[in-house]
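Visitor: Work out the full structure, taking the sequences as your base and the hints as a guide.
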Amino acid sequence: MKSLTLCIALTLAGFASATPKKVILDTDPCFDPDDAGCMAMLHGMASSGEIEIVAMMNSVDFVEAPLSISAINQYYNRGHIPVGDFKGYPKKSSPEGNYDHHIAYNFPRVLKNDTDAPAAEKLYREILASSPDKSVTIIVIGTLHNIEYLLKTDPDEFSPLNGIELVSQKVAQVVCMGGNFINHRGHDRANWGGSKFLCRDDRTWACLDKQRNELTRYVIENCPAPFIASGWENGNGQFNEAEQGDVRTGQRLKELDKNNVIRRSYEHHFESRGQFNRIDRHSNDQLALLYATRGARDYYVEFIDGRITFGSDGSCLWEKTETGNQGYVDKLAPDAELAVVIEDLMMSPVPEADITPPSAPTNLKTSKGSSGTRLTWNASKDDTPGSWVAYYNIYNDGKLIGKAHGTQFLDTNNGDNSYRVTAVNINGIESK
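Just so we're aligned: the sequence shown equals residues -18 to -1, 1 to 414 in mature numbering (1 follows the signal peptide of the UniProt record, and there is no 0).
No lab work stands behind these hints, which were simulated from the structure alone.
Think about it this way: if two alpha-carbon atoms lie no more than 30 Å apart in a straight line, the pair counts; the simulated BS3-like pairs of lysine-lysine are:
| id | residue 1 | residue 2 |
| --- | --- | --- |
| 1 | Lys178 | Lys69 |
| 2 | Lys73 | Lys134 |
| 3 | Lys3 | Lys134 |
| 4 | Lys178 | Lys73 |
| 5 | Lys94 | Lys74 |
| 6 | Lys192 | Lys104 |
| 7 | Lys381 | Lys363 |
| 8 | Lys4 | Lys347 |
| 9 | Lys414 | Lys4 |
| 10 | Lys381 | Lys347 |
| 11 | Lys178 | Lys302 |
| 12 | Lys104 | Lys347 |
| 13 | Lys350 | Lys385 |
| 14 | Lys385 | Lys3 |
| 15 | Lys73 | Lys192 |
| 16 | Lys385 | Lys134 |
| 17 | Lys347 | Lys3 |
| 18 | Lys302 | Lys4 |
| 19 | Lys3 | Lys363 |
| 20 | Lys104 | Lys414 |
| 21 | Lys363 | Lys116 |
| 22 | Lys363 | Lys350 |
| 23 | Lys94 | Lys381 |
| 24 | Lys178 | Lys74 |
| 25 | Lys104 | Lys69 |
| 26 | Lys4 | Lys363 |
| 27 | Lys385 | Lys116 |
| 28 | Lys414 | Lys385 |
| 29 | Lys3 | Lys104 |
Guide: Spelled out as structure tokens, the structure:
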């Protein structure tokens, strides 16, 4: 096992960069465990220095979904990664057969209740407002609910920019799993709202969902950042209008410890459906994430610098234009080769917990206004490989009054001038 771990670590180290890519994962953990597989991939890349996981956002209506995200992050000793939650639904409990229910209640987590998670669009705004321009990559492997809400936000205490302006200034790229683009056209299967052309009695989940279709069209038509789709044809090709093979991953997870959180996510999904041996499945989400983090390399062919037209019937069309910044990617590498790359990342070893405090924030400034006392400071650093600053604790007169996911905070209670700000790393270790 040590030799396997070393081999994986050396493979991952080959992709490390001097400046890790800052990513936000927007996911829908509930039925299909490929979202858990994507989280494992990100943690493996974070350990090698490829990326920093700035936050993870949940887009589904189950109470347990954001809790399962927190539990998976905690398993990788990064339990203090911020988790945002879509608040536009009435919440309900996830069925026990769903892996998010199993993980939320059988693994420790920092997030105690879903109500403790901030609204995703607010967390997006807070993080983006303090980020360098064009520095954040957003990876959407669920629905686009959170992105729609973000784009529709007004100026607030974090930024004078509205949502579209903020995304235009701060986001490097949005990569989304969804659509279908064989020869530049096709019909969506589910994430973007499905299609009336794929609807059958035995797959009602692919039928057209008008509300999801409308919000997806809004995002595609209004997102100012480069928007790249990885369609259903890449990871689950054995499907109507998407016959391009099938990248299947997950079976090798059975080589991991029986209590590994990703292995248990996959096993619980299949066991609740009466399957106990095979746990491999399609890899749509993982293929989108692989492109978002590593680019085309030898994995994909890019069709970019154009416009995506998404119809009210679920139809997808890409056309090259002179000024467009939208596109899609198609598989280039063989299915088996892509499966190995993905599974290697999904099996990444759990890193040691970072117990070294990050540097303390510097240059704390306060200014009083009609809405309260505004604090700003210079960002802290965490020099431990595979670790970074997750958020900041704000103290007034020695009492904790809040946390910030950027380098600013508004104290609406207008406390006295005895403020103190500390940095907290992804393992919960606070600066001195």
